[in-house]
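Undergrad: Take any residue in the sequence shown, count from 1 to its spot, add 71: that is its number in the numbering used here.
These are computed hints drawn from the structure, not numbers from a lab. Accuracy of the hints is not assured; some may be wrong.
[As the list claims (entries may be wrong)] Okay, derived cross-link-like pairs now, DSS-like style, lysine-lysine, Cα gap no bigger than 30 Å in a straight line:
(1) K135 / K319
(2) K135 / K248
(3) K248 / K117
(4) K135 / K76
(5) K117 / K326
(6) K319 / K290
(7) K76 / K237
(8) K326 / K290
(9) K135 / K290
(10) K237 / K177
(11) K290 / K325
(12) K135 / K325
(13) K117 / K237
(14) K76 / K117
(15) K76 / K177
(16) K76 / K325
(17) K290 / K237
(18) K135 / K177
(19) K248 / K177
(20) K237 / K248
[What the hints assert, rightly or not] Beta-carbon label-pair distances, calculated as ranges:
(21) G330 / D256: 33 to 43 Å
(22) P313 / Q89: 41 to 51 Å
(23) A92 / A322: 37 to 47 Å
(24) A315 / E164: 38 to 48 Å
(25) D240 / W82: 27 to 37 Å
(26) L234 / A332: 27 to 37 Å
Don't be surprised by glycine CBs; every beta carbon is placed ideally from N, CA and C.
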Amino acid sequence: FISVKSYDTEWATMMIRQYLARSGYVVSLQNCINEERIAAHVGWGKTVGAIAAILSAELYAPGKIRRTGAKNPPGHEVYRVGEVHGHITRRIEELGAMIRTVDTCKVTDNLWGERWSKLCVNGMHNGVSAASGLSGNAMRQDERIRRVIIRLGGEGVRVGQALGYKLEDIAGQDAEKLARASEGDRAALDEVESLMLALRNSQQRSEHQRPSMGQDMQKGRRTEIDFINGVIVERGRAIGLPIATHEKLIAAVKKVELGQAPPSPEHLYAI
72 FISVKSYDTE
82 WATMMIRQYL
92 ARSGYVVSLQ
102 NCINEERIAA
112 HVGWGKTVGA
122 IAAILSAELY
132 APGKIRRTGA
142 KNPPGHEVYR
152 VGEVHGHITR
162 RIEELGAMIR
172 TVDTCKVTDN
182 LWGERWSKLC
192 VNGMHNGVSA
202 ASGLSGNAMR
212 QDERIRRVII
222 RLGGEGVRVG
232 QALGYKLEDI
242 AGQDAEKLAR
252 ASEGDRAALD
262 EVESLMLALR
272 NSQQRSEHQR
282 PSMGQDMQKG
292 RRTEIDFING
302 VIVERGRAIG
312 LPIATHEKLI
322 AAVKKVELGQ
332 APPSPEHLYA
342 I
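All chains should be built: construct the whole structure from the sequences, respecting the hints.
TA: Here you go:
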């Protein structure tokens with residue numbers, strides 16, 4: 072399993088490549104989309120994807136991890152594993168069974184759709200927490216920031232749809248409805264906001280919960296902004312779709328990351 076930050080993917084893959092058995096393979100259990108980076112070193116035949124969908128945890132002290140969201144939420148499979156070619160193979164079934172010893176897991180024939188859907192989730196929340204300094208719950212409670220989150224989600228959905236991905240739900244939201252909400256559909260916006268606030272008030276998510284880039288910023292570490300929002304921007308530009316909200320968020324995160332400004336909700340209000 073590769074579970075390092077995206078910017079460390081390639082050297083980590085190179086380190087373990089020499090130890091792979093003939094039938095061995097490398098699993099990317101990461102945010103972002105790193106299968107291509109891994110395949111460049113071990114080949115596509117030895118590359119498998121795994122996604123943690125809505126799994127909240129925090130390394131709050133050396134060697135101490137706490138889970139900041141509910142385990143086994145009803146009707147939701149936390150992990151999704153899939154082959155890059157979309158076929159259900161014996162090894163992917165075995166991998167799914169292995170991961171089920173930790174939490175629920177779905178074997179999927181839609182790895183790329185799952186990947187882009189999770190990228191949208193991360194693109195909506197990670198950079199917002201990093202730039203604002205707010206927790207996951209606090210972000211959703213602020214109406215102006217909530218609207219930025221929705222716009223980020225909508226832009227990501229439209230890029231994914233244009234690329235031909237079969238999108239899954241985005242943080243519990245129907246992808247098309249989220250996109251319509253971001254584009255001014257009042258009924259869709261009301262539904263999307265209602266669900267966001269219901270999650271905020273359900274007590275399923277701890278007040279400690281903070282997206283990974285928000286944690287990185289607190290600890291003075293490099294963020295994955297270029298590997299999350301940056302990918303949405305790169306792909307959106309390539310096909311001529313608007314991704315202005317993501318561009319502005321990237322600029323805000325980098326300003327904070329470089330120490331040019333402290334984290335503040337004001338960065339989001341300006342987007």
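Undergrad: Is the Cα-Cα distance between K319 and K290 30 Å or less?
TA: OK: K319 and K290 at ~23 Å, within 30 Å.
Undergrad: Just tell me: holds or violated, for the beta carbon distance of D240 and W82 against 27 to 37 Å?
TA: Hint holds: Cβ distance 34 Å, inside 27 to 37 Å.
Undergrad: For the pair supplied as a hint, K76 and K177, is the alpha-carbon distance within the 30 Å limit?
TA: 23 Å, holds
Undergrad: Given the hinted pair K237 and K177, is their Cα-Cα distance within 30 Å?
TA: Roughly 16 Å between the alpha carbons, so the hint for K237 and K177 holds.
Undergrad: Lying within 27 to 37 Å: is that true of the beta-carbon distance L234 to A332?
TA: At roughly 33 Å between Cβ atoms, A332 and L234 fall inside 27 to 37 Å, so the hint holds.
Undergrad: Would the hint linking K290 and K325 be met if the CA-CA limit is 30 Å?
TA: The given pair, whose Cα atoms are some 15 Å apart, holds under the 30 Å limit.
Undergrad: Given the hinted pair K326 and K290, is their alpha-carbon gap at most 30 Å?
TA: 16 Å, holds
Undergrad: Sort out whether K325 lies within 30 Å of K76, counting only the CA atoms.
TA: The hint holds at about 17 Å.
Undergrad: Given the hint that K76 pairs with K237, does the C-alpha gap stay at or below 30 Å?
TA: Status holds; Cα separation ~26 Å.
Undergrad: Quickly compare the C-alpha distance for K117 and K326 to 30 Å and report which way the hint goes.
TA: Distance of about 38 Å is beyond 30 Å: violated.
Undergrad: Need the status of pair K135, K319: alpha-carbon distance at most 30 Å?
TA: Measuring from Cα to Cα gives roughly 35 Å; hence the hint is violated.
Undergrad: Verify the CB-CB distance for G330 and D256 against the hinted window 33 to 43 Å.
TA: 40 Å, holds
Going down the numbered hints, you'll see the structure goes against 1, 2, 3, 5 and 17, while the others check out.
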